[in-house]
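A.B. asks: Sequences and hints are given; from them, build the entire structure.
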Amino acid sequence: MGPTRPTREKIKELRVEGITKRFPGIVACDSVDLTIGENEILALVGENGAGKTTLMNILMGLYQPDVGKIFINGRPVQFKGPADAFAAGIGMVHQHFMLVPNMTVAENVALGLKESHTHLRLDLSGVKKRIAEISERYKLPVQPDAYVWQLSVGEQQRVELIKTLCFGARFLILDEPTSALTPQETDDLIVLLRRMASDMSIIFISHKLAEVTALSDKVAILRRGRVVFKGTTAGQTAAGLATLMTGHEVVLPRNEGVDGCGEERLVVQDLCVKSDRGFLALDGVGFSVRSGEILGLAGVSGNGQKELAEALAGLRRVEKGRVSLMGRDLTNRSPREIIDAGLGYIPEDRTNEGIVSSFSIKENLILKDFASPKFSHGIFIKSQEEARNAASLQERFDIRCSSLNSAAGSLSGGNIQKVILARELAREPKALIAVYPTRGLDMGAEEFIHTRLLELRAKGVAIFLISEELDELMNLCDRIAVIFKGKILDILAGREATRPALGLLMAGIRPEAADRAAEPGEKA
Amino acid sequence: MKTSARVAYIALISCVAVLAAVGIGAIVLVILGADVVQTYKVILTEPLKDLFGITEVLVRAVPLILVALGIAVSFRAGILNIGAEGQIQMGIISATAVALAWPALPKSTLVPLILLAGAAGGALWASIAGYLRAKLGVNEILSTVMLNYIAAQLYGYLLRGPMIDPAELQTGSGTPQSVRLPKSAWIDRIIPGTRLHWGIVLALVLAIFIYILLWRTTSGFKLRAAGASAKAARYGGINVESCLFFAMVLAGAFAGLAGAVEVTAVHRRAIEGISSGYGFSGIVVALFGGLHPGGIIPAALFFGVLLVGTDMTQRILSIPANMVSVLQGAVILSIISAKMVINDPYAREKFARRLSRFRGHPGGYEVKR
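Line order of the protein sequences matches chains U and Y. Quick note: the first sequence uses our numbering, first residue 1, plus one each step. Quick note: the second sequence uses our numbering, first residue 1001, plus one each step.
These are calculated hints, taken from the structure and not from any lab test. All of these numbers come straight from a predicted model, not from anything done at the bench. Note that CB positions come from ideal geometry on N, CA and C, so glycine has one too. Check before you lean on any hint, since a few could be wrong.
Said to hold, decoys possible - Ranges between beta-carbon positions, derived for each pair:
#1 Y:1294 to U:455: 40 to 46 Å
#2 U:62 to Y:1153: 51 to 57 Å
#3 U:276 to Y:1344: 29 to 35 Å
#4 Y:1316 to U:62: 54 to 60 Å
#5 U:62 to Y:1019: 31 to 37 Å
#6 Y:1006 to U:455: 37 to 43 Å
#7 Y:1208 to U:83: 56 to 62 Å
#8 U:455 to Y:1011: 47 to 53 Å
#9 Y:1208 to U:98: 49 to 55 Å
Unchecked claim - Among chain Y residues calculated to face chain U with C-beta under 7 Å, some are:
#10 1217
#11 1218
#12 1221
#13 1225
#14 1228
#15 1229
#16 1231
#17 1232
#18 1235
#19 1236
#20 1237
#21 1269
C.D. replies: In structure tokens:
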């Protein structure tokens, strides 16, 4: 065997047999058998931690399987590193793009193309020729001289695809390619991948089941490292796949309540906030959330959502405008004052911001209240009360851990989110900001969090839900605002919102018929 | 991995680290043309052979414990105080000044006053770096190292000028040292004929104090949260900047206190070289002790043995006592490497697998639920 020689041979069949890979405390892949034939699109589906990414990393030569073999066109191959996998014709587009923002498209491609730079010479024109060929062949329009930072997320993804194809990939692996795309960009990508499948085979990792049924020929479902289903996609429904994926029927709860008509609790007026890089990330944002209402904020991430949430929580300076909760002005107050005023906050970065990952679970559960009379006596922390609090919240929120004394960072993403949710909800907030609360979580955890948010709504809490999952927003929200480049383009009633309407707004296209019944007094 | 296997694993890695440090030291000894085994034997056993050696070890351990306790607080809070050396010197100056200013005060008043003055001197010096970091984001490693230089020069200047013993000027020998402190300013010795003094009790009591502060109080919660994750601490409503400032000041106070104890209990006048690197060794002790009082005390005793032992090699085998610096460096490198290995879950898993195979029941995986 040895390292695989570069060939231009077409990959007619890629087969893995009995792949097993163990990691500390977990079997990530457990005797996985899969076959992908010529011009097939295989959707690889599974919850987080099901082993999808591990399997793909094995195919890319990043990990060695403990047991098992990979065959290309019936011949066994062994990938000692990514270079071997490239040489065999396998290319992967990662979920997080691997592009250098301050280099041009052509320079980014040249980075990985060894033959384009020999010693001191860089053959950029050759690279551009190759890009032109590929983009012609697959109808993938790109501008080789544009800088990557100037491109939209969808365009950057095209650059990733072209880059992979320029390296000679004849077999594509796409890891959650739609996670950062608008609905329209997603549709375009599906058409594009269908077209490319006439020339190569594709493995497509996703947990968005609607895309799986729309795009793939075959589907394989992984659960806890094992393949629990293999078959053709035709005839499968998204609900059926969801059941196979989680092992039980999943019904995401919906907001069936009457429209919230309580008093205005969280009011934001004409808010201007700068980003880390100093430019205006929010430009005159205004909205209000009433008691017993869920206001959603739709938008492709990076349009000012992070800055908005941080400004509301007192973690980012407000340049102009006003934030108030229950009539109390909280503009540029300290996080402590805002917490005490009754604002709950589920941050975007749950492992680094939502918890102190080296702290125990029980310490994290009192992160905001350790100095309150309930948990402290003078300068001393009441450790018994701390333990009691943790035990009761563990039961109420079904936090699964070996011990409440273990480090919170050792928990799975879903359980970390439960710790955060437990802490925020136990404080009985007047209003709650939830930022991408279910991002990256499996359907069981998603169901749990949605149920809790709706319960909170029924109790009269004002909830501001920032999300990029349209289904989540449409299921839960009374009203949905859409943010684009730091401005709120429109606010739709939750019942009237449709995917196409939201999708257009998320792409920054404001329909001419802008006289929709939005928030009165809302600026255009 | 089970707790027992985990402890065994950490102990094993630590032993490997110690062996590595010993190995590096051995290379240097071979270059010096010394008998390696004999040298180590002298370093590690000679200090523990008689009362004199043991008390000397304890005498060295006192400033190491005090400095390391402060360092532990600052490192836990996420601010790296490299300035203990300068803070010790400022503590010595303040303590000496107070002792010489009010020699007539009764001992029961003067000694606490001197200790407070020492702590205040160190705290004040550290507060410069703490303020710059909290308000302006100036890197504390840079500022504390620079403040060390300034403190060293200031110390030298004061002992040669304003604070010099007038007797030195009269005799013309000009040794840079202060007047001998009045007896009312002395911390007494516990065992007559040795240098062991009551400072050791103070150090042990303060170790308990730091433990309680860090793990039982709301301030400790804040400090640890700020150090473990500044972002999460801010999110939780903790004022991270004030935590950094407070931790730095506290670390400075402990270093200053160490200086005050050294001058009133051991040297009894300010001379050059009192701090003798305790400010830097204290960092090593704090890290070696896992930034925990329970680890710092044995670590300080171990370094005390090293310090006394290398002094003895100089006398017995005429190997330079600077060897201790070499060993310290080797120990730091080994600890850092060992920590990386201990915290690597893959290496740990491999070890567990080997161990379970060795014991005859394969597998050894606990699947996370």
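A.B. asks: If a hint holds in the structure, say so; if it doesn't, say that too.
C.D. replies: Do the hints match the structure? See the list:
no. : hint                        : in the structure
1   : Y:1294 to U:455: 40 to 46 Å : holds, 45 Å
2   : U:62 to Y:1153: 51 to 57 Å  : holds, 54 Å
3   : U:276 to Y:1344: 29 to 35 Å : holds, 32 Å
4   : Y:1316 to U:62: 54 to 60 Å  : holds, 56 Å
5   : U:62 to Y:1019: 31 to 37 Å  : holds, 34 Å
6   : Y:1006 to U:455: 37 to 43 Å : holds, 40 Å
7   : Y:1208 to U:83: 56 to 62 Å  : holds, 57 Å
8   : U:455 to Y:1011: 47 to 53 Å : holds, 49 Å
9   : Y:1208 to U:98: 49 to 55 Å  : holds, 52 Å
10  : 1217                        : holds, 5 Å
11  : 1218                        : holds, 5 Å
12  : 1221                        : holds, 5 Å
13  : 1225                        : holds, 5 Å
14  : 1228                        : holds, 5 Å
15  : 1229                        : holds, 5 Å
16  : 1231                        : holds, 5 Å
17  : 1232                        : holds, 5 Å
18  : 1235                        : holds, 5 Å
19  : 1236                        : holds, 4 Å
20  : 1237                        : holds, 4 Å
21  : 1269                        : violated, 39 Å
Checked against the numbered hints above, the structure breaks only hint 21 and satisfies the rest.
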